[in-house]
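Protein chains in written order, with our numbering: chain A, 1117 to 1575; chain B, 1117 to 1575.
Hints may contain errors.
Which copy is meant is left open, because identical chains are indistinguishable; a pair holds if it fits in one copy or across any two.
[Unchecked claim] As a list, the in silico DSSO-like pairs of lysine-lysine whose alpha-carbon atoms are at most 27 Å apart:
id, residue 1, residue 2
1, Lys1431, Lys1451
2, Lys1431, Lys1391
3, Lys1130, Lys1228
4, Lys1431, Lys1526
5, Lys1458, Lys1431
These are calculated hints, taken from the structure and not from any lab test.
Protein chains: 2
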Amino acid sequence: MTNDQEYLLNNRDKFNEELLEFIAIPSIAALPEHAKDVYKAANWLKSKLSAVGVENVEIMDTGGQPAVYGDWLHAGIEKPTVLIYGHFDVQPVDPLELWDNDPFEPTIKDDKIFARGASDDKGSMFIPIIVFEAIYKSNGSFPFNIKFLFEGEEEIASPKMPEFVSNNVEKLKCDMIFSADGGQFSENEPNLAVGFKGILGFDIEVIGPETDKHSGLFGAAIANPIMALTQLLSSMKNLDGEITVDGFYDDVVPLSDNDKAEIARVPFDEKEYLKLTGAVGLDGEAGYTAPERIGGRPTLDINGIWGGYQGVGTKTVLPAKANAKITCRLVANQKPKEILKKIEKHVNDFLPNGVIGTVIPLQDEGDPLLIPENHRSTEVARDVLKKVYGKEPYMIRVGGSIPILSAFYKYLGIHATMFAFQLDDENWHAPNEFFRLSSFYKGQEAYRQLFHEIGNLSP
Amino acid sequence: MTNDQEYLLNNRDKFNEELLEFIAIPSIAALPEHAKDVYKAANWLKSKLSAVGVENVEIMDTGGQPAVYGDWLHAGIEKPTVLIYGHFDVQPVDPLELWDNDPFEPTIKDDKIFARGASDDKGSMFIPIIVFEAIYKSNGSFPFNIKFLFEGEEEIASPKMPEFVSNNVEKLKCDMIFSADGGQFSENEPNLAVGFKGILGFDIEVIGPETDKHSGLFGAAIANPIMALTQLLSSMKNLDGEITVDGFYDDVVPLSDNDKAEIARVPFDEKEYLKLTGAVGLDGEAGYTAPERIGGRPTLDINGIWGGYQGVGTKTVLPAKANAKITCRLVANQKPKEILKKIEKHVNDFLPNGVIGTVIPLQDEGDPLLIPENHRSTEVARDVLKKVYGKEPYMIRVGGSIPILSAFYKYLGIHATMFAFQLDDENWHAPNEFFRLSSFYKGQEAYRQLFHEIGNLSP
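Chain A extracted, bound-state conformation (with noise of 0.2 Å):
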């Protein structure tokens, strides 16, 4: 046994100790009255940070939750810079009465923490800090240049943090990054995520007459708007699931036989699947597998509709207007503005007569990423999961989107690897929200791994 492998296990209840009183911090970044909640996590981040070396410890002001960050630099130029990403805000606890504890005061009940943020991210994000520690004090140094950054607002979709990420490129500046926010397949089934949707969010608002008005008198003389929209959103997609807008297709880099192949061996059972959902079948773009449309085809989802009348019983009007609220998920190399000029061209030629209609573009938009083949840290990462796990990693592509990997890609240059060992059981965002222990244990001895093996990288 190594030394950092026994001081870890030496340290094991101090361990557990230091993450219960982490998770203890009700560090809610929706509620204001837990601003002081946020910045209590930050400040207690940065005292751990600095009590087992790290250097340059700051608490940093993005314009809304803080983020923390620090590092230690003395690795030299032959070895790489690596930044290690978490975030310590958690989610609200709403409904407080279906929670066994109090969700701020951590429980461990068969070998499982049970608190808010135990999992999602407060659990994980701690591990690579304790390694750290362990390497640095059994060997009295550090085997390559590490930057920590923490962000508080990643569960309000880290509003604030892409221009974060813009303002601070010199600080963050690295030749990797890892994210410790993410997760496993399973217990015994590692995975890595390798894409990632983008997104396009926008309303179309399709108008006719001034205020509604008496179908009986006008129903049949001008133009009903949600008709029309519905014949609008219609001509967006066919009866094969295949999006109709021209060019929507263009730049999307097409599965490959080997693509089809690394999905086709992440395991998917449809029955439990539909289960989830309640659906009375599997649905969506004709040629593909379900899989195969979920991490690596775009789609056009409407997400929301209204118009006119909603109560009950009739109410024979012809509305004045009616909405649609969309987003598409991007896959890579498909632009959302790109995309957004195509859909305002279909608008434009595919809006029935006699309305006016209007895209209204909104502010979420992010690029899809995709990680290439023989990417150094997510070969590197695969190696140790394989050697941890004794199994070859899932490779994932991920149906939805994560804005600080879009920022770090977009500002910084470098694609992150997900690194990280919460499972999606674990009641994320929900109550008795839960981490286990050996998943504790086991990310600890995957990140020693990884540092070392990072130590014998090149910058």
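Since chain A is already given, all that's left is putting chain B on it; use the hints.
What follows is chain B alone, placed relative to chain A:
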């Protein structure tokens, strides 16, 4: 000048005073706190009818608001029996601050009576009563058998009247019906209504997942119920405005060249009409003019739609369900129940995969009415209007539906002829409703001539 003309002239002040007294009763059917006033108006009518020689006058229980009935049946079996209809309930008065006088303190200004109900319908329905009085009092007899039926719930869509009519077929049995609710085209241009649209109301509900789901995790793999609903709805109408539900037009009586000529004769100012709506242009079923569509072609109107997220910004949900409210305005000889079956079949045939779709019939259902050519009560009304106005009446097909007229036809087998003298600029249902004294007097002369003409007819 005949005796009855003299009677009307000599009693003009008395009739005006009586009308103001009648109008002053705030008989608002929609408001429970005015229930006693609706009854008070019924009682006022009962007294008036009894005082002028109408017999068997009674306030009848409809299960909802009261109705008033009375008759005079001594003209003998060689004379026709005629039912006169009107309503004594009125609309609410909000917003009160926009009225120039108290809505129930009738005020005469510029030869107009300003008050709620002055035009719709107390002023107009009072006319046949005082014309009966004039003929009966000045001649000691009346030239045909007459029945009066006045309802107290027209302004709340006559919920109990169809059943009331069906329960009183023997009492209401007649050869002709004239409605003293309706109106003329303008001060100098008469009209007659020869068609009314029927109505069919239903909701469509489309269900996807059990609850709203994350669009990144599920949007690409299961069907979106809003998209499915828009595809379904847009499959019901093509871009030429034609309803594409199989068999929808099967029973429609086509507009003949003569019908089209009658419709074309009615003034229609496209600019003025569009100004009323604020819409950018006319739109509807190809191959027909707007007035042809309004009066003579069936419609399928989406009155409301909703589903998913309707707030500000973006919420990336795959919504659980989507709903639409639809009414079809039907023309002769479409039957609501058969159209509903065709709609249900269409939904069944065209519902996209992966969702559950249901048609939920609403109670609103009414047969279309088309008064046949040479219909006797319409012909006699036409002759009288031509004499009184010096102009051939416009034969109008009404885009809306009038429940009581459908009930008369359904249960008594008689098409009613609207013979009324309000004008549609008189702020019905709005502040500062008024009735022109000139219409009140012209109406008296028209009803006087009508009653004498009917006296010359056989049953």
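Consistency of the hints with the structure:
When the C-alpha separation of Lys1431 and Lys1451 is checked against a cutoff of 27 Å, the pair qualifies only between copies, where the shortest distance is 20 Å, while the shortest distance within a copy is 43 Å. When the C-alpha separation of Lys1431 and Lys1391 is checked against a cutoff of 27 Å, the pair qualifies only between copies, where the shortest distance is 23 Å, while the shortest distance within a copy is 37 Å. Taking the shortest Cα distances, Lys1130 and Lys1228 sit within 27 Å of each other inside one copy (16 Å), while across copies they are farther apart (92 Å). In this assembly of identical chains, the alpha carbons of Lys1431 and Lys1526 lie at most 27 Å apart only when taken from different copies (24 Å versus 51 Å within one copy).
In this homomeric assembly, Lys1458 and Lys1431 come within 27 Å of each other (Cα to Cα) only across copies, at 22 Å, whereas the closest approach inside a single copy is 37 Å.
Hint compliance for this structure: every hint is met.
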